[in-house]
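Undergrad: Generate the whole structure from the sequences, applying the supplied hints.
Each protein sequence line maps, in turn, to chains A and B.
Numbered according to our numbering, the first sequence spans residues 2 to 398.
Numbered according to our numbering, the second sequence spans residues 2 to 398.
These aren't lab readings, by the way, just hints derived from the structure by calculation.
Misleading hints may appear alongside valid ones.
In this list, chains with the same sequence are indistinguishable; a pair is considered to hold if it fits within one copy or across any two.
Simulated pairs of lysine to aspartate or glutamate, EDC-like, Cα-Cα distance not exceeding 20 Å [what the hints assert, rightly or not]:
(1) Lys129 / Glu110
(2) Lys64 / Asp329
(3) Lys155 / Asp261
(4) Lys350 / Asp126
Number of protein chains: 2
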Amino acid sequence: MSDRGRGVTFARGFTAGAAMAGVKTGRSERLDVALIVSDRPCAAAGVFTQNTVIAAPCLVTRKHLQSGALRAIVVNSGNANATTGAQGERDAEAMAAAAAEKLGIAANEVGVASTGVIGVPLPIDRVKAGLAKVEPTVAGWDDASRAIMTTDTKPKVAEREVAIGQGIVRIGGICKGAGMIHPDMATMLAFVTTDAKIEAAALREMLTDAARDTFNAVSVDGDTSTNDTLLILANGASGIAVEPSDRERFVGVLTQVCEDLARMIVADGEGATKVFEVVVRGARSDEDARRAARTVTTSNLVKTAIHGADPNWGRILAAAGRSGAFVDAGRASVTVGDIVVFKAGTPQKPDLDAVRRVFSEPQIAIDIDLGVGNGKARAWGCDLSAEYVHINADYTT
Amino acid sequence: MSDRGRGVTFARGFTAGAAMAGVKTGRSERLDVALIVSDRPCAAAGVFTQNTVIAAPCLVTRKHLQSGALRAIVVNSGNANATTGAQGERDAEAMAAAAAEKLGIAANEVGVASTGVIGVPLPIDRVKAGLAKVEPTVAGWDDASRAIMTTDTKPKVAEREVAIGQGIVRIGGICKGAGMIHPDMATMLAFVTTDAKIEAAALREMLTDAARDTFNAVSVDGDTSTNDTLLILANGASGIAVEPSDRERFVGVLTQVCEDLARMIVADGEGATKVFEVVVRGARSDEDARRAARTVTTSNLVKTAIHGADPNWGRILAAAGRSGAFVDAGRASVTVGDIVVFKAGTPQKPDLDAVRRVFSEPQIAIDIDLGVGNGKARAWGCDLSAEYVHINADYTT
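TA: Written out as structure tokens, the structure is:
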């Protein structure tokens with residue numbers, strides 16, 4: 002990861018800023034309205050929640066993205082504007098319109114995102130009043146990264162450079178944690194900017210590719226919140242176009258930025274004290290491998306065992322077995338850290354104290370070889386702590 | 002529920018008993034090997050885990066059930082004999098053989114079940130030594146109900162009578178909690194006996210029907226442990242045959258017994274302090290309704306909100322929305338206790354203190370009308386507490 006900082010304003014031509022609008026109450030981090038702005042039109046693409054109960058800002062942003070172009074993103078935290086009915090859609094449109102008016106652009110050039118409590122009408126007047134106070138600058142990336150936080154304990158920022166043709170293009174982003182990424186993913190928001198020149202259709206494809214093994218590997222397909230949003234804006238300010246022959250390199254670095262951000266989300270999972278990476282190999286297909294890896298990372302039994310450094314490794318295989326992936330326990334192998342606990346169907350009677358030591362580390366590697374094919378995937382999870390319960394048992398109040 | 006007690010020995014011709022075999026270590030409840038025996042051959046049927054990583058005792062019992070007849074069930078707690086490879090199957094067969102030898106019956110007349118830590122070889126010598134000490138009696142139902150417990154805080158026993166033709170037949174059962182029924186269901190074991198005379202094929206059908214909206218509504222299809230087992234033995238000791246015309250009545254009472262037991266499992270969920278019932282109506286199909294109801298009962302966000310009496314009711318609709326059921330938020334309604342919080346797509350701005358009061362009750366009713374059809378289902382869940390984490394972070398040790 003670059004040490005340059007700046008996240009969404011790392012790419013040239015972007016500014017950002019935030020203000021306190023009084024939507025996010027009872028939290029220590031009070032910035033709660035953010036703007037990300039390009040100085041020129043951008044190609045834009047998005048990936049949204051697969052929840053069929055989709056929040057108003059996602060509906061509005063999807064509509065605005067039909068042109069393949071955006072110039073700004075407006076975000077609020079503290080209220081998700083979800084399950085808020087027709088009024089919710091009017092409020093999301095009003096948020097876009099207020100940002101557009103402020104910036105002197107069209108309302109359909111603005112993407113909208115919200116995160117926070119659901120089922121409560123958005124206090125749109127407060128959002129608009131807060132928005133009026135935002136002054137986007139290159140230095141405003143930090144405020145923007147804080148304004149989108151809910152139960153996150155720290156802002157999440159990443160950026161990388163990639164050499165394309167004769168020059169260097171920049172990619173940067175910010176995101177907010179899916180506090181309870183596992184298994185409910187209470188709203189992951191991620192915003193990525195680049196000064197590369199890319200047409201919208203190609204951008205959409207590349208974003209989908211980059212999300213699949215990063216953000217979507219810390220959430221679970223079909224197991225998402227009402228508001229999950231990943232947006233990318235490409236403004237071409239570098240003057241460098243990403244040609245078809247450059248795409249693989251560009252998408253590789255875009256994927257790295259997304260992985261950096263996704264890992265920060267896991268590490269900052271609500272109440273999380275440890276992160277674990279699950280690699281599934283030898284599956285019948287990549288899709289099967291993904292299914293197994295994600296089920297292991299979302300198993301409450303695996304998550305609590307890791308939390309307590311309980312060497313109950315059998316839970317790992319049991320979780321894979323209920324994932325829907327093809328699992329033949331007689332051919333599977335499981336390795337925890339560097340300890341083979343189960344090999345080709347036979348338990349290896351591992352030293353439980355050694356397994357306990359592996360589970361005591363802040364980063365834990367779990368490798369599952371299903372032994373039935375060549376499919377492979379990775380997923381990341383965090384432990385489940387009593388602190389998670391405390392946070393989520395008292396979210397509204 | 003009858004107040005007669007006796008569970009598995011309520012039906013005539015059955016005895017039960019248990020002993021301490023030293024398999025279950027570090028728990029206050031030390032009985033850990035149980036026998037349930039009929040004085041004559043029985044028709045028998047079973048329902049097993051859908052996890053593709055299936056434990057050895059389930060494999061062995063399924064094989065023994067191919068004849069449609071059993072005469073005894075042997076159970077141990079403390080070790081699940083799961084993910085234990087070929088040795089595990091030999092151990093499960095040895096358990097059946099030891100019980101058979103003790104009782105003077107054939108090994109394939111014995112059903113086997115195990116629950117406890119997975120991935121650790123079964124200490125078969127201890128199990129056999131414990132088994133030798135068991136003396137099945139009519140009074141032994143209580144010991145048997147305790148010997149199958151793991152993290153359960155109390156034994157679970159139910160029984161009912163049903164009038165068939167000129168007489169009364171009896172149905173009784175015991176079960177052990179699926180500690181972490183949500184979402185991983187760490188082994189639910191349930192054993193039901195009846196003195197009705199029923200042929201095996203009919204018994205199998207009736208058991209499947211009874212399980213669908215009871216035990217399977219507190220677990221989740223495809224989301225089960227390696228060992229889940231529900232067995233029924235029908236020994237005909239009442240002299241009363243269940244004719245085709247009696248089946249509906251019999252299955253109704255059998256379902257009641259299963260529901261009694263399933264509700265005890267939820268109420269005794271690990272760390273649970275409250276139980277909630279989710280009714281989904283107006284779904285496109287019963288299957289869709291089941292999917293939505295079960296997803297709501299397994300949502301960590303819903304479970305923690307209920308634990309903390311946090312009136313964050315939007316999480317209920319969000320969980321239904323990611324269930325895979327067809328949900329149109331514009332047509333859905335949600336009622337919590339007697340408070341309509343969301344009606345036909347519009348939030349009702351309910352009094353949050355009133356919602357908080359509903360969520361503070363020990364029993365909570367949640368009603369979701371999807372407004373798109375006639376499908377209906379119920380499911381039961383329990384809250385997620387910090388205590389759940391404590392229990393499961395330190396299970397092995």
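Undergrad: Compare the structure with each hint and give your call.
TA: How the hints compare with the structure:
no.: 1; hint: Lys129 / Glu110; result: within (17 Å within a copy, 74 Å between copies)
no.: 2; hint: Lys64 / Asp329; result: between (45 Å within a copy, 18 Å between copies)
no.: 3; hint: Lys155 / Asp261; result: within (14 Å within a copy, 47 Å between copies)
no.: 4; hint: Lys350 / Asp126; result: between (63 Å within a copy, 18 Å between copies)
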